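Asker: Chains as they are written, first to last, in my numbering: chain P, 79 to 485; chain A, 79 to 485; chain X, 79 to 485; chain B, 79 to 485.
Some hints here could point you the wrong way.
Intra- or inter-copy, both count: the list cannot distinguish identical chains.
[As the list claims (entries may be wrong)] Here are the simulated SDA-like pairs of lysine to any residue, each with C-alpha atoms no more than 25 Å apart in a straight line:
{"#": "1", "residue 1": "K313", "residue 2": "S478"}
{"#": "2", "residue 1": "K105", "residue 2": "G421"}
{"#": "3", "residue 1": "K399", "residue 2": "F458"}
{"#": "4", "residue 1": "K229", "residue 2": "L214"}
{"#": "5", "residue 1": "K439", "residue 2": "S395"}
Read the hints as simulated data drawn from the structure, not as lab findings. Keep in mind the model is a prediction, meaning the values are calculated, not measured.
Number of protein chains: 4
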Amino acid sequence: MLKIELLVLEALSREGKIPSQVLKRIKKKAKFNLENIQKIEQKTHHDIVAFVLEVCSYLGEDARYFHWGLTSNDLLDTSLGVQLKQSTFLILKDLDLLKKEVIKKATQYKHTLCVARTHGVHAEVYFLGLKFVVLLEELLRAESFIQKAYKEVSVGKISGAVGTYAYLNPQVENYVLKKLGLKPAGVTTQVISRTRISTLLFSFSLLAGILERFATEIRHLQRTEVGELFEPFYKGQKGSSSMPHKRNPIVCERICGMARLLRGYLITSLENISLWHERDISHSSTERVILPDATNLIDYMILKMTQIIKDLEVDTSRMLKNLSITRGMIFSQGLLLSLMEKGIPRPQAYDIVQEISFKCKRKGSFEEEAKKHPFVKRLFTAKELKDIFSPSKYLKNVDSIYQRFRI
Amino acid sequence: MLKIELLVLEALSREGKIPSQVLKRIKKKAKFNLENIQKIEQKTHHDIVAFVLEVCSYLGEDARYFHWGLTSNDLLDTSLGVQLKQSTFLILKDLDLLKKEVIKKATQYKHTLCVARTHGVHAEVYFLGLKFVVLLEELLRAESFIQKAYKEVSVGKISGAVGTYAYLNPQVENYVLKKLGLKPAGVTTQVISRTRISTLLFSFSLLAGILERFATEIRHLQRTEVGELFEPFYKGQKGSSSMPHKRNPIVCERICGMARLLRGYLITSLENISLWHERDISHSSTERVILPDATNLIDYMILKMTQIIKDLEVDTSRMLKNLSITRGMIFSQGLLLSLMEKGIPRPQAYDIVQEISFKCKRKGSFEEEAKKHPFVKRLFTAKELKDIFSPSKYLKNVDSIYQRFRI
Amino acid sequence: MLKIELLVLEALSREGKIPSQVLKRIKKKAKFNLENIQKIEQKTHHDIVAFVLEVCSYLGEDARYFHWGLTSNDLLDTSLGVQLKQSTFLILKDLDLLKKEVIKKATQYKHTLCVARTHGVHAEVYFLGLKFVVLLEELLRAESFIQKAYKEVSVGKISGAVGTYAYLNPQVENYVLKKLGLKPAGVTTQVISRTRISTLLFSFSLLAGILERFATEIRHLQRTEVGELFEPFYKGQKGSSSMPHKRNPIVCERICGMARLLRGYLITSLENISLWHERDISHSSTERVILPDATNLIDYMILKMTQIIKDLEVDTSRMLKNLSITRGMIFSQGLLLSLMEKGIPRPQAYDIVQEISFKCKRKGSFEEEAKKHPFVKRLFTAKELKDIFSPSKYLKNVDSIYQRFRI
Amino acid sequence: MLKIELLVLEALSREGKIPSQVLKRIKKKAKFNLENIQKIEQKTHHDIVAFVLEVCSYLGEDARYFHWGLTSNDLLDTSLGVQLKQSTFLILKDLDLLKKEVIKKATQYKHTLCVARTHGVHAEVYFLGLKFVVLLEELLRAESFIQKAYKEVSVGKISGAVGTYAYLNPQVENYVLKKLGLKPAGVTTQVISRTRISTLLFSFSLLAGILERFATEIRHLQRTEVGELFEPFYKGQKGSSSMPHKRNPIVCERICGMARLLRGYLITSLENISLWHERDISHSSTERVILPDATNLIDYMILKMTQIIKDLEVDTSRMLKNLSITRGMIFSQGLLLSLMEKGIPRPQAYDIVQEISFKCKRKGSFEEEAKKHPFVKRLFTAKELKDIFSPSKYLKNVDSIYQRFRI
């Protein structure tokens, strides 16, 4: 805030509104002591008035130039702009590292067979790498929204009590904001529109939802009966105070919890938009909580997920084993379509395949059971049958998906 | 947590499961150092394991009795129970003080005339005291829900890894919880049902909504054009860094903002209910944020509102002045009903009154305008007209409302 | 609404305010036509004014008694009270049926062995019945909150434009509400406090969260790799348009989705509390959406969950099989505590057990591996070892849990 | 959905996968009857299977080509893409009309003096037109986010059961989507990422928050004591069933309520992101509610606000009157800065002005009071004093604000 005050004075000096000697003296003498500010605030019940009085106390006669034509919120919203710009920049950088790890895994596991599950139930042949491409597609969307919000919040205002530049002109604002790396907000009331902050919190909630989804994926795949993926478990780590055999996806669970926090913050921020007239201050108490919390949480979530993906433990043999748990039933659609290609209408073909699959629901192989079926026997050659029950054909269009993401 | 561990040992000793000498020794030696715990946690990635290891390090051979048959969450949820019970108790006490101030003002302003506003538009004659009775009615509801939630959260569990008392029996739990002033949770998984915490956060959100409503009321009545109520403004207080004449309802605005935070926390807590199987830990990261924040915020809101109501500045003469701003139009329903009593059907009566009121929308007195109307002239005696335009008759049933609340 | 109008007239007639002949005539002639109302509303932009005008059009001279001293909201909030009372009554009745099915399953599966999972990872021996007892405990809480909210919303008001009984007295209100089975709201503005509706929507959200948790439980247990529980699958049902073998927990998933809707409605309703002064109408548009939706959704969720639990398919043999998937590791805490009983301090005992469990993480039996360990060998007799690795001992306190719920 | 099915067959025919005769025949015969579908669904418990069976029943032998290689969700998500694209397009068009009305009013009232209020308290001289420029700035932001979301949701998928194009190739998808005016989603699981829908609902919530803010502005300015702006009131409209004089901002209040609904829907949609593995169907029940509701609500809000702004009643003389209500105190910052320009340090200048303003808090003119103050008397010439208390100087930078928005 002091930096902003000095930049305003600098701008005024360049316009000839204050003598350059005054500027020089103020720059030299201006300072503050936090404890003093706190003491003054107890009287004024106004933090910025306290800050201004404290700085003025060191300036002697020159104090009359200080905080010239400004309103508290010129300081508050402009320094918030600087803070949000810096935080979001770091978040974007960390997100970039996460994307790199995701791409690495997408490449590494491109051809790693596993099963796709819909409704938690085995559906079809799949490839582990695709899970990372799906994640990447979502991360790119989050990134694009964070970048857009980054621009929205990298603004400031030096436009006075109700945004009319009544005592300062737009040139002063331009000068100050440029030095701070911000853009002018265009038009404001006493405050910058809180819609800008909502766009940031939405972009964080969106990313949080994405990380929550992938953390949930790992949690599912780490369950004892599945055992395909494991979040890293470090030497010396204890899974439980009572059950020494445990190895739990606790960081993934933590990420899921944090996504719930961010959704709550977004709602709060959307309620903050509707301030009264040229502003009230009901948003302020909430932003003091949600802005530090939200920026920290989302960055923490990114860092943790990056580490999890980097050191992810993958049990590819378990994946293959799980793939065959339904004894071939994941090829049911393949059989269905092959029957249709041979001329069986869809409804009958569907019934045939459902009948076969329910026959071997508990035991027996779908492939074997299928081969016994009179229609199947009659219609397909041995080679055709082999093709139907082979996972390799599912790979044929995976490349084209990867190419869309330049991986 | 140490207290809980020692109570468990005490219970085990009473059951003869551990020698009383051991209990005595452990009670003497058990302690911990927070920095050590932090160091151990960096290895174990598990806070309770770290706590247990640290305490054990002082116990020598007796360490083998420590944390006997417990799971981390026996400590965590039980100590959370103690914390929530204590915090909610304080909140209820503070709420009681608020209610007392509200009752005082309800009594003091029972007969203070003001205008009732619906849609922000003058509606009818009202009494300031009633606004406090309406507030009281809502506070009593919030109190009743906080009390119910208070019981819901004042519970603990000493039931082991998955709530089956596999290694400890319910008597141990009973002993420990009784000493802590808690009830057993009845049945639990590894954790106490998160529904209990949701009931608490709902009761806080409900109260927050009520305080938000009344803070909004004051904010409305403090606006320059209304000027009927003012939140306290202390000597030395500054309303604005740039506009020295300002006196703003900033504490009321702060209360409104905080209500938004509490709504967000409630949502987070409702999402926490659906943990997986016998528990996951996704709720934990969120509760570390929302529980301290929510309990502090709601208490702060109560304290601030108590102070505001206690030191509220009331401008009763402005109230009277505002009451006559519409030049008698607030008596329009009275006139309508009087016309109907004289035999005019509702639709015609309504049209007559609307016609009169639009006639004096900008200037002129509704009473005067009404008296000029041929129907009115013809139908009413002078005394009847006086009655129609007198505010005192509105008071007739206010007593009976007060009596319902024993004020 | 017409019923309410007539009851008001009845009350007024008993007080001698209107002749009994008039009451008789109005009762006979009062009626309305919805299309007419719609036409009138297009002019008046006010639904209740339109309703009153329409009814008046059939009453001739008696129209002057109609809607006497009432405000629109006397009709609106009172009829809402009737609707909410009736809907909530049905919901409570359906919830009771759900509870009965839950108790049945708790009894039926009391001794059915399965594994307890924390973090999705096998933790300890468990009993299927307990899952239903845990559900029951939560349902009882939801029921108790719905019952409390039921009382909160079963209220009405006949207190006039701003709740002051300016033209009607409390006796009229008492008479009308008693006939409708409602209580007076105590004190109101023009509207009954929206906090009452929030308590209802919270109680629904709480129940929804509970049903979501149990639906999630079934979804987890129905996944292909687990295969322990299955929501009912009816003859002729198709799991997928493309994969004939599929059997998906779609109703459980639907229930999970609906819980999200109810959380959203709760937030909306909490924002509705803070109406301006003696009311504005911003809550009305939202309640027209959320009240029918919320009451229908929660009832649908209850009905569906009742059916799911009633016809739930349970694969107890798969449960036993899954229990042994970790080859005995779920007994790790048992071994830990037994080692401690033999005098090994907790930290060492923990390390021993973790070492054994990691040794057989992929294959081999924890029991066998444990028996090879020099400490274990040395410390335990054969009988003691048998006890450590037997699930039956976990049952010992289950009875006492059931007794708390009188099952 | 039938259109999509036929386009897929068209694509397959172009690839030579099905004979052109077959395509021709199917195009001719394919149809469906909604009642039949409903009957079939009662058996299949699957809406798309029912649809496919119904259409197949008209196709004879050719049925075997129908729904070839597709999964239900290829139809569902792709037709959702078409619906969302169309709805959002309409919303954007209506938003454009709203913007035009806003610009008109910004121009019309550019120089219309009114008072700016912060915290509901008079702050400084303002211009009515600026309120519309501030609204425009926010609308442009909402528009930009809706446009971005429009692109996000205008996508489809024809990629089979788990998005791997196992039985169809990407060329088929390209052909079909191009004909429908959609883009391919890039990579999908069985469903298109729900993040896309969240971006749409956020953009709606953002706009809703903005409309809520402006509706709140009008509600404030329409209150009896302020009386500056009025939402349109149509001939024949009734403000109240009991108070014929009332004219209430009910449409603005309705808009405020609806914003609360949209916030709730956004939360629901963010919870929908985290589907399990390659999809579950928990989002579906919620989207059936929130997508029609949200698109309709936001459009309704835009239309209503457009009408309100178009026919807004403005009482400029009341604005001027209100401007002088504080008897000149809104010039306090001007006096403060002028004192500082004369060499008085800020703290002392602030105290002088606060002292003057408190002196005339209840009555008397700030200007008169100021002129009596010894410092003011001594320091300023008559002309300087006139300048300080003149509103015209506040206009000097308004033009440059307008130019930024090319108005």
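Asker: For each hint, tell me whether it holds in the structure or not.
Answerer: Against the structure, the hints come out as follows:
no.: 1; hint: K313 - S478; result: neither (40 Å within a copy, 40 Å between copies)
no.: 2; hint: K105 - G421; result: between (88 Å within a copy, 19 Å between copies)
no.: 3; hint: K399 - F458; result: neither (27 Å within a copy, 37 Å between copies)
no.: 4; hint: K229 - L214; result: both (23 Å within a copy, 18 Å between copies)
no.: 5; hint: K439 - S395; result: both (23 Å within a copy, 14 Å between copies)
Of the numbered hints listed earlier, those contradicted by the structure are 1 and 3.
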